[in-house]
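Undergrad: With the hints as a guide, dock the two chains, each given alone in a separate frame, to form the complex.
Just so you know, the sequences run in chain order L and A.
The numbering of the first sequence is numbering that gives the first Met the number 0, which starts it at 0 and goes up by one.
The numbering of the second sequence is numbering that gives the first Met the number 0, which starts it at 0 and goes up by one.
For the record, the hints were derived by calculation from the structure and aren't laboratory data.
The reader is advised that the hints may include incorrect statements.
Unchecked claim - What the simulated footprint calls covered on chain L by chain A, stretch by stretch (three residues with Cβ under 8 Å from a Cβ of chain A suffice, anywhere in the stretch; the number is not a length):
(1) 119-132
(2) 211-224
(3) 236-250
For every residue, glycine included, the Cβ atom is placed at its ideal position computed from N, Cα and C.
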Amino acid sequence: MRTSKGARVGQYLALLGYLVFLAFPFVWLISTAFKPPRELASLHPTWIPRNPTLANFRQAFDEQPLLQAAFNSLVAALGAAVIAVLVATPMAYVMARHRTRLAKAATGWVVVSQAFPFVLVIIPLFLVLKNLRLINSLPGLVMVYVVWALPFALWMLVGYVRAVPTELEEAAAVDGAGKLRTLVSITAPLLAPGIVATALFAFISAWNEFFFALVLLKTPEKQTLPVVLTHFIGAEGVADLGPLAAAAFLATLPSLVVFAIIQKRITGGMLAGAVKS
Amino acid sequence: MRTRWILALVMGLLLTACSSDDGGSDGRITLRFQSLAWQEESVDANKELVEEWNAVHPDVKVEYVQGSWDSVHDQLLTSFEGGEAPDIIHDASDDLADFAYGGYLAELGELLPERLKSDIPQRSWETATFGDGIYGVPFLQEPRVLIANAEWLKESGVRIPTPENPWTWEEFRSIAKELSGEGKYGVAWPLKEPVSATLNLSLSTSGQMFHRGEDGKVTVRFDSADEVVPRTVHDEVNTDGSASSTTLGMGGSDTLPGFFGGKYAMVPLGFSYRQQIVQQAPKGFDWQVLPAPAGADGLTQGVSPQTLSIAEDSPHKKEAAEFIDFLLQPKNMVRLALGDWMLPTGTEALKDPALHTTKDDWATGTALAAQLRSAPAQSVRGYPEWKDKVATPAFQEYYSGAIDLDELRKRLVEDGNLVLARYQR
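For reference, chain A alone in the conformation it holds in the complex (with noise of 0.2 Å):
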């Protein structure tokens, strides 16, 4: 009796499954766009535009297919091989490389709206353009800041950077190392993934790391103006002890809870890392938004924005990318921007009086847009597997204080472009 009811069940659901499956046809387009938006507020500005769309397209209609920044890039390797991907494809520059050279994205120059492409600086285009053609919209971005514990700052009497003046590296160490002492610390690291910190951050120091010869081949070197960010991380760690050594194996967000306790003076975090802040701080907690230090190229740091790219495959290429333009029209970027406490990347956005106020810290962040620059490394073929077996445990090891500066050099270069060489031949 129990068996035929269980069977009885099984049976049941599974023709409910069956039965569930999409409507048929009405003759309209249906877009599918998968969205990697993850917080509250970013999922429920997505799903709203979406549904706005809807009300006066009917013809058009998009979906809101929910995706993944753990397992996007997988899933979507899957979906193009199978000639199943969405229409529409949320993701961030530097997973768009092997897409785009793949062939599995539209390339968008015609497609996008003249509107669109002159309201986005070019310096943005670049993070999304692969050869000669683009394959995303970059519209949101987020440069990497000091967020501080205000008080500690105020008590020590040490100066306040701001985007106009803000500090040296030189002078970030000796104030990181003024501010520790009694097992407090200057500043707190957080390295888990230390590749694209360190190449991003030394932007600003003019390292580049990555040079493309006159054959189009890219190799790496590791100059004096590579050397100076990992060289400040090692000093504050293993020199002057102004940086916590355990939180070099932290994620961001782990190096909250200390930060939070007053064990740590300042981290370097996203921008975003603000809404962490806003809804994790003890009451009273006084935070401010610090710009990470300059070098000789000012606060130029490398970003690698979001974006909207359009499947190769999707036959409604046209209205996919009429969507696009609608989802980033300069209003709809900024409540794209702060659902996700980050900065737009369109012109006209960026004025938004939302987006400089006192408030969290938006107008510090929104100082620093213009010097927002392509990540140095996303559009070299073999950077992933450089940054996973080389790179990676090269910093680790250096920041970590196992190795010296000649052996991290050696490593970073001699293996890199044994790896960079495989993919250039």
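Next up, chain L with everything else stripped away, as it sits in the complex (with noise of 0.2 Å):
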């Protein structure tokens, strides 16, 4: 079925208006990081600063300890999103191809647990931590972030297991590989867009968390990015919008740089063409 030419222009019309809705917040988040106050108070706010300034960020590096902040975010989101996918991977292979009544019950039961609020899990979660001796720490922080991912990673996964032929897995068999081989060399590859799109999911919930963090972590030391942020709010709501945009901005990049350098693994296709129909 072709498209007229007055679809396709609607189409990327739509698509346009899309995109600059979706990039607004950001592009206005730039603005301000680099406006000095008056202009942030000026009741006709520009795009581009008639004034740019470098001030919001050194006041926001002075006031708050952000590299600090941003290792604490780093290795949280990593140290989750690599558990996470390792635990994961597996589960979800066993899930996916024993299709028994319990591996359907765990599947719901993961969709279930999707459903719990964080307030009802995080003074329990708070005591057994404290038992640990894993309160303000990272690693503490670590394994309730791989936890807290862990349903949703082990659902992604699942589908993309599924999406694998069985017919690659017996060819190979069929061939001579045994079974960890078959797992290593041809599964595993052909998995490998779903465990980095899993993985950036982790990453990406853990670097953007901010009440388990909140509670779980004392000091300055440990603190993570979403948590120093909240230190340019004031009573009230009152904020200091300057240095709190040229923080915030900052603490965007990460996530931008790593979906930048892996969204090609994401969206390969790699799965093309493996199978002659």
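TA: Put into structure tokens, the structure is as follows:
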């Protein structure tokens, strides 16, 4: 079915509008980060700062330990992503390939567990971590993030495993490959986009997470970026807008960089042509 | 190869994180002081004071922990439940009731030195008194004032109010009307959070709203004294057109661009907003602080001061109280007040010349200090629910003109008393 020229123009315009809608907060954040206080309070705001300044960045770094917080966030997010994927991948394989009642029940539980609100688990979790002496420690936070990311990671990966045709594994078996060899050499490479997407999900959700980090980390040297960002907000929601925007802009960069680096792995379509139909 | 490199990086980061745990104990007492200071000058003042204490108290080290106003209640609640609360806690008096009644905070009556107890007036102690005990030291407070475009006021020729001779609420309404016209407004009410502003200002007209009976139970009433402030705001927005309806949903900071841009002559704001005005106002913009209008009770208004408390679980309450005493020595209280652009509660600190200067209108605010009282509802159990579920939507609808005064009264009183009754069974 061919699309008419007018419809295509309409589609592109809608797409452009959607992109502008998505980009607006980020562009405005960048603009705010470079504006001096007087421009921030102008009745006629401008997209491009009239007198761009780095003062907000200087103030943000002077007032709060942003580099330390970024390092902590990186440890927590990277740790959560790698461990979640390492744990979830074999589990997902078993659940996808062996469709027993237990596997179905486990999948159902995984979906239901996503509905638990944070506040429901935070106090028991706090007490458990306290007994393990893992309060105010990044390994403790990584454990929490892994547990929190695991159900969704598992759910995602089960779908990716199911998308890998079993015929490929059967063909490998016919050619004499053992189970482990088949998994490592045939299935795992085909799962790569799914594993990368899952890791990215775990990384970004841990990088942005606020509530657990707020409650579990006590000292400034351990706090993560989302917690440190709230230090620019005062009573009744009054904010030190310039430094807050500067710090928030810096906080979004790692997620964007990670996404930019690995997005090709997600969209690469590595299964294309794997099986001759 | 690449996979190995990533794994090595992750393991390295995790090991670094594990090995950077707190150092071992050296036998000294360590107190954790969680501060909510957030403005640059205020953070500096707090950190400097901690350093000064540590320099002369080698056996009692204070560790500065940065908290945040935005999330302090949830964070403290979890810390208390888990037995991991900081020893010294910075908060606001209206956030303390649940913690005090819950047994999480130490009663300070016996712990504090006489010097500090007598330096802070009784009316301020009342803000942190719950039941028979004191659970926080109120040390910084701010009145709500009118911040005005000085040039606009001067050109209009209206009488400029002073703390000695303030405007009445009626006069304020007529002057706001006089200043309005041609798309400009006499006043912008930033009432995104309308309840505390309305209740606190209503003390000037003897409005109480919460009344404690002989049985100790609290009920809500909405008498004629409670009507004056809400009616003034409503009429300015809906009858006179002297207050902008668009600012009703705004926070204080959101109104500043319009104020600087000449859309509003006056904005009722907290005294500490002067810091933002100094920082953000266009060069040459002439502004001044005016006292809020007065009613039957003069300039009286409600406040919820910033407080310092001690955790009940702290094993070093005596040392924590000594640190609070040090932090709130008059000269130190002045440093904290200047850092936060607020008023100290201490009578000695209030005498400091730095708080009586005409620069940035410190003198006007300081003259109001004696009129500040405990916010009407802060010790009422169930107040947060009444505020969020009943009063906030009711006031918002009334101010925007969607409901009338009778409907406002009905909701505040009937629905409100149902909420309070659940907490007082």
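Undergrad: Holds or violated: the region 211-224 of chain L covered by chain A, criterion of 3 or more residues with Cβ-Cβ distance under 8 Å?
TA: Satisfied; 7 residues make the cut.
Undergrad: Go check the region 119-132 of chain L versus chain A for me, would you? Three or more residues, Cβ under 8 Å, otherwise it fails.
TA: holds (count 5)
Undergrad: Does the region 236-250 of chain L contain three or more residues whose Cβ lies closer than 8 Å to a Cβ of chain A?
TA: That given contact holds, which follows from 5 residues of the region 236-250 of chain L lying within Cβ reach (below 8 Å) of chain A.
The structure shown violates none of the earlier numbered hints.
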